[in-house]
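J.: Sequence:
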Amino acid sequence: MRLFVPIVLLVIALGIFFGYINPTYAHVRTLLLQESQYDEALSRAKELQGVRDELISRYNTFSQSDLARIQKLLPDHVDNVRLILDLDSMASKYGMRVKDVSIDQSAVTTTKASPGGITASTQQLNVSQQIGSDNKPYESVVLSFSVTGTYDSFRQYLADLERSLRISDVTGITFVPNDTGIYDFTIHLKTYWLKP
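Quick note, the sequence shown lines up with residues 110 to 305 if you use the working numbering.
These are computed hints drawn from the structure, not numbers from a lab. Be aware that one or more of the hints could be misleading.
Think about it this way: if two alpha-carbon atoms lie no more than 30 Å apart in a straight line, the pair counts; the simulated DSSO-like pairs of lysine-lysine are [to be verified]:
| no. | residue 1 | residue 2 |
| --- | --- | --- |
| 1 | Lys208 | Lys299 |
| 2 | Lys181 | Lys299 |
| 3 | Lys245 | Lys304 |
| 4 | Lys208 | Lys304 |
| 5 | Lys208 | Lys181 |
| 6 | Lys155 | Lys299 |
| 7 | Lys208 | Lys155 |
| 8 | Lys202 | Lys299 |
Whole structure, please, built from the sequences with the hints as guidance.
T.: What follows is the structure, given as structure tokens:
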């Protein structure tokens, strides 16, 4: 009987250890590990908040006119109507008008079909659907339009287009000569915008 009580107490102690203490301790270890992961995530979040606050303060130092210029330089969406109005505004300084505007049809989808055709204001760009990944942070579209004027006016217009804030590449120019010195110029212009 002397050995019976210590053996029973030992069995009870082992039962309590393996039945309650060990599983509870394992759960506590898991919670401690999660706590350290959460602490690490919180410290990273504080670092990111510091970086964000620094970037916001730097952003707030820019004037509204500078921000508007940056937005015009590389917009976050394509605005065909605004682009055409800007091109026409530049052309009007030299007595020319932008006409016969068309957009490369391989890069365009429309939201609605209209009975009389599609106008530039109803056209929207389709994100290019290519096989494989496209890692470029920007999209582009080719816009074609015509202007009529003298050669000197056209050269000045191209110089203005070159100095324009909007990033664009002239990919082609065609013209039709005539005897009056007034030419019909067709310009193919590639313009860019940031992907959202």
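J.: Could you run down the list of hints and mark each one as holding or not?
T.: Here is what the structure says about each hint:
1. Lys208 x Lys299: Distance ~17 Å between lysine 208 and lysine 299 Cα, so the pair holds.
2. Lys181 x Lys299: 15 Å, holds
3. Lys245 x Lys304: Cα-Cα ~8 Å, so holds.
4. Lys208 x Lys304: 28 Å, holds
5. Lys208 x Lys181: With a Cα-Cα distance of about 22 Å, the restraint between lysine 208 and lysine 181 holds, given a limit of 30 Å.
6. Lys155 x Lys299: Roughly 42 Å separates the two Cα atoms, so the pair is violated.
7. Lys208 x Lys155: Given pair lysine 208, lysine 155 is violated - Cα atoms ~55 Å apart, limit 30 Å.
8. Lys202 x Lys299: 22 Å, holds
Figure legend: structure checked against the earlier numbered hints; hints not met, in rising order: 6, 7.
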